[in-house]
Structure formats: C-alpha cells, structure tokens
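Visitor: Protein chains in written order, with the numbering used here: chain A, 6 to 376; chain B, 6 to 376.
Since no wrong hints were added, every one of them can be taken at face value.
Because identical chains cannot be distinguished in the list, a pair is counted as satisfied if it fits within a single copy or across any two copies.
Calculated lysine-lysine pairs in the DSS-like style (CA-CA distance at most 30 Å, straight line): (1) LYS58 with LYS375; (2) LYS360 with LYS34; (3) LYS117 with LYS269; (4) LYS127 with LYS208; (5) LYS82 with LYS220; (6) LYS34 with LYS117; (7) LYS34 with LYS23; (8) LYS117 with LYS208.
Keep in mind the hints are simulated off the structure, nothing from the lab.
Protein chains: 2
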Amino acid sequence: MDKKDMEREFYMTGGDGKTSYARNSSLQKKASDTAKHITLETLQQLYKETRPKSLGIADLGCSSGPNTLSTITDFIKTVQVAHHREIPIQPLPEFSIFLNDLPGNDFNFIFKSLPDFHIELKRDNNNGDCPSVFIAAYPGSFYGRLFPENTIHFVYASHSLHWLSKVPTALYDEQGKSINKGCVSICSLSSEAVSKAYCSQFKEDFSIFLRCRSKEMVSAGRMVLIILGREGPDHVDRGNSFFWELLSRSIADLVAQGETEEEKLDSYDMHFYAPSADEIEGEVDKEGSFELERLEMLEVKKDKGNTEGDISYGKAVAKTVRAVQESMLVQHFGEKILDKLFDTYCRMVDDELAKEDIRPITFVVVLRKKL
Amino acid sequence: MDKKDMEREFYMTGGDGKTSYARNSSLQKKASDTAKHITLETLQQLYKETRPKSLGIADLGCSSGPNTLSTITDFIKTVQVAHHREIPIQPLPEFSIFLNDLPGNDFNFIFKSLPDFHIELKRDNNNGDCPSVFIAAYPGSFYGRLFPENTIHFVYASHSLHWLSKVPTALYDEQGKSINKGCVSICSLSSEAVSKAYCSQFKEDFSIFLRCRSKEMVSAGRMVLIILGREGPDHVDRGNSFFWELLSRSIADLVAQGETEEEKLDSYDMHFYAPSADEIEGEVDKEGSFELERLEMLEVKKDKGNTEGDISYGKAVAKTVRAVQESMLVQHFGEKILDKLFDTYCRMVDDELAKEDIRPITFVVVLRKKL
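One chain only, chain A, in its complex shape:
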C-alpha cells in the first residue's frame, strides 16, 4: 500500500459508536495527560518568546474524539494565562487552530461539536474577554506540506509519528511477497532485514516531516511530539512491539481454527515503528532545522490491579488497538473475524500481563525551530 492509498484507507474508527476511536482512546489520553505539563510549559514558553498577534497552532493526527477539542481548550487557556502574566494590557491574540489528519478521518464528527465548543469558550470567559478562535481542518498526510509558509507557531502531534507513511517497500521480495511472514510488525520471528526496512522508513519519513514543518513554522516555533517508542536498540521487547507480537499470535490462532487463511496473516504488514531515543535524536540533528530542547521517556501507569476503570488492562488495550487498526484489518481480513480476534487478543494480553509486566514506553520530544 503506497502513500496515496494510505491517505485514503487509514483512519481511526469514526463516529461515537461502541468501537469508535472517540470512545476507545483512553490509553492515548492517559499518555498525553502524563505529558501535558511538558506540552503546556512549552506552549507558554513559546508565547513568552514570540508574543504574536495571531497564534497558529497545529494538531497533527488530531483524530476524531473528545481528546481533539479538549486539547484545543487546554491550549487556549494556557496561552490566556501566559498572556495575562506577560502582557495583560494588550489584547489577547487571535487563535488559528489547524486540525490535521488523513482525509479518511471523521472530521464531520468534530465539526458537529464546534457550536458547543464556542458556547463553552464564551461561558468559561464569562462572556468577557473571550479570544477569537478560528478552527480549521487541513486534511492530508503530514509526510508532505500541509500549511502555507511561516504560519505555524506551535505543532502538537500526539500518537501520530509512529505511523509511517507506508509499509516499507523493502519488506517485499521480488515477487511482491512479504518477507515478514507470520508477523504484522517487527516481532520475535522477524529477520534483521525486516527491522532494517522499518527503521529506514521511519528515518526517511521523520526527516521529511521535519523538513516540511520547518517551512511552515516561524522561527522559535515549537513542536511537541508524543511518540510510542522503545527503550533500547533491541527491536523486540516487552514494550510496544509486544502488543503487535500478540496481535500476530491472535491472528495465528484464528488461522489454526480455520477462521482465516495463513496467507492472509503472512501478507498483512503494519505501517508502524517504535523508534528509540537515539534514532529520533539522530534524525533531528541530521535534518538540522530544529534544536532538541527536551526528550523524555514516559511510562504510562496502569491502574491499580491492572484494570482500566471497570475493565481489564487487556480489554483496554484490545479496544484501543481495534480502534486504531480496524480500518486496515477490515480491508484485509474482512469484518467477520474482528470480534473473535479481539476477544482472543484481550485474553492474551491479560494472560501475559499475569506472567510478567508489559512496559510500553512513550517519548515526549520538544523541538525548537532554529532562528
């Protein structure tokens, strides 16, 4: 699947139904919340330094759910606080909010909450000093140009950049067959060629990402990137990669039961990569437009007793993985196997967690556009 197809066919499950991303992104929200103080500190710092009359904020990979607009509300409030502390006698800046995701994202769902968003904004400001907020959607791949030159002050990309622009071409042999049989991503069965292919794709994509943003951002502009990653150089660990290992095993289970074909599993490859801190830092240095201000590793705490609210951790992971992978899985395997697949998957995650901890880690990366 090439980049153009990815633009058409990859999206978080839309709407607000039972399996929607809107209702199944609590794990992402938790990670973003853990990183929130860094995000908001960075935004305040940026505002102090640049004090623009019109502040351009982009959310790349905004998806479609309660997280989307609540993030924007946090940003606005934070800037208001910084403004009142720094330059209270001047009028508030205008806010230009640029929401971005692939064209298949359910933007209609976000738009329908906009009238309420504006009502709440007014109410929160006691109908008084209410800032002008202009919200726009810019659909497209962030591995290409999205915005006019010099328009963006702050870029926020949460849980976006571990999605590659495409499955690496090097993953296919001369006959077009996947060389990563039995696995949906890098897993314990994968050869070194597989991890090399994924790693190269990440480097190429991330570098293009930085180059595009550097054109769109103003000097001293900041980016906060929240990326699923891995702790060390090993590609296979009991972190994020382990969740895909278990997804591969769950599909293999269905193959064993005759619910789907082995060939289907062999030919299913995800466009996902969890980079290491060194890989991220290396690309930032090489591309050269940004300074690395901060790179922190977060480990999102599991709720007590390994449950998330009323459900088991396995269930929470299963719901999340389903919401982010459903669009691709349905195209490849058909809709029929999904319920069973994720029942199996949920059980496997819980069983594994009972044996030994699973520790998916998340990086928070703060970049500053050089002058």
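Chain A is fixed; fit chain B onto it per the hints.
Guide: Chain B only, in chain A's frame:
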C-alpha cells in the same frame, strides 16, 4: 429556530446518494457557470492588482459536491494564466483555499476526493510548475467571523446569501405562533408584516456579513456573490418566490389528503430571502467597507422544451429544492411525506410552467474592499 440551532440543523443533503446535494445541484451549477466569466475576470483583476505570494481564497457556503472542488480548480487555473501573463519569471503564489459551510455540511465527502484532486492538479501541470495548494475547511456561520484578520484576498459565495441566519423573530406573535400561516416563505397570502420581517432580517444579516468579511479581507480584495434575487420591489412574483409558493401549495395538498397537519404547515417557516438589487446596493453603501464594482442580473436559461437533460424542468427544480430543504423538512414534518411531497411539487411546477413562464433571477455582485 435561532442562529446556533441553524448552525446545527441546516445543511445540504450530504454524501452522493440519490437525493444528495452532490447529485442535485445542477441548477445552481448552471447559474454559477453563467456567472463564471465575471467570477474569473474579477479574480484575475485582483491578482493583477495585489500579486500576493500567498493567495487566500474563501468559498463561503461551499456545500459538498462536484461543484466544490471543480470551482477551486477553475480558480487556480485562472490565477496561473494571470500569473504567466503578468509576472512569469516569479514563482507561482501559494494558494490557501478556505472552504466554509455550516458545521452540518458533509465535509468528509469533500475530503475524500482530495487525494485525487492533488493528483489531477499535478497531471494538469505535467508534473512541472505545479502550485502549492493548501485546502482547509472552516466550518461555521458566515454571519460571524470565520478567519483571522487580513488573510483573504478573494471571497466567493455562490447560492449562500439568500439563506438568512435565522427565521426572523418578528415572524412570531406573542404566543410564539407564526404570523405567516399557510406559507413557508413570503407568498401571495402573506401580510406586509411578513415581508417586512424578512427584509429586515436580510438587511441585518447582510450588513453583519460585510462587516465580518471586511476584517478578514485585505485591501483591494474582491468578493463575488451569487444570490437568488427578485427583479423589482414586489416580494411576490413569478420568480424565486413562486417556487416557495408552490412548495406551500404542495404541503397544503398533503394537508388536504390528511398526510400531515395544517398546524405543521402553519408553523413551518423558511430562512430564505430573495433581495432586490436596490436592497443589496443599499446595504453595501450603508456598511461602507466595500465598493460595488458590478451588479448584474442573470436569468438562467431553461434547456430547450423546458427539460433539464432527460428530466422535466419541474423534476429538476423538485430535486434541487429537496436537496437544499430536506434537512429542515425532515425535522419538521418527518421523513415519511417527502417522496409524495416532491412528486406533487414536481407536477405543480410543470403545470404552472405550461401555463406561463417562471423566471427566477440571480444576481452577481462584485465588491471591492476599500483601501
């Protein structure tokens, strides 16, 4: 229904199904096509005068159909021609395209064609001197601010401004009952108070529209407004108002057959007004930010033998009216009556046309932002 409700509940029928606006807006397209030379001349003139590096173009009330992106393609090509004629050695400007409609509009449907739009753009330019085009959706009512200050060079609003921000409050008596019983808009039964209420609402709305745009547009920026209107001071004629007269009669027909209640018809009021040239000009002068460069009256020709393609004129009008009014009619009358209603309506239009011509007119208004 107030302005906020209108934002939520009024939209052209989405998607590309049988009754969608996408497939039932050929009459609007015809009018816009008739006005196209004026639109494109104005855009060229603007480009010659301002020659911006980044050109902001807004389509207000862009709706969701084949007209939406084909209009944008026309704009880009026109500017390219003007550019190559005027300043061929300089690089092409960046295009910032701002698509606007109410939040209920089916923006997802537009976004899904964006990957193809960009592929065609490249192909049309032989992959050579292809301009950067950034397409964004800004959902919201154009009777309020939509964009940051000083960002827009060219505003295009086709078939948008005859939709008022709300049904005029003055249309309801102290008990909240409509004073325009038996009619869905100004019709032959309506009292003078009714036309006065609608006219005042138009003036208030249009004036707010001009004030908001004047903040958002650069000096010498241009607006092209394509508005359904009426020829003289009389509110009731055999023009646009006659189509609503016939819609009222069609609903009355269903009431007579017991398909819906008289009270439902009495309480259904549209937020539509067809202004006269004098009313438009008067508000432009009064608001003061824009110069009226052009105001032309168009009469869209009916196809030979009063048919549109393979269908009768009545059928074409019925399909169009259904696509633009369905969202409101369904909320008020329920979905059940729609097919029958528009069968009746189609017949009435054809019968009336056989008796005497119906001449809906359209204004093309060109405004220039004062320096």
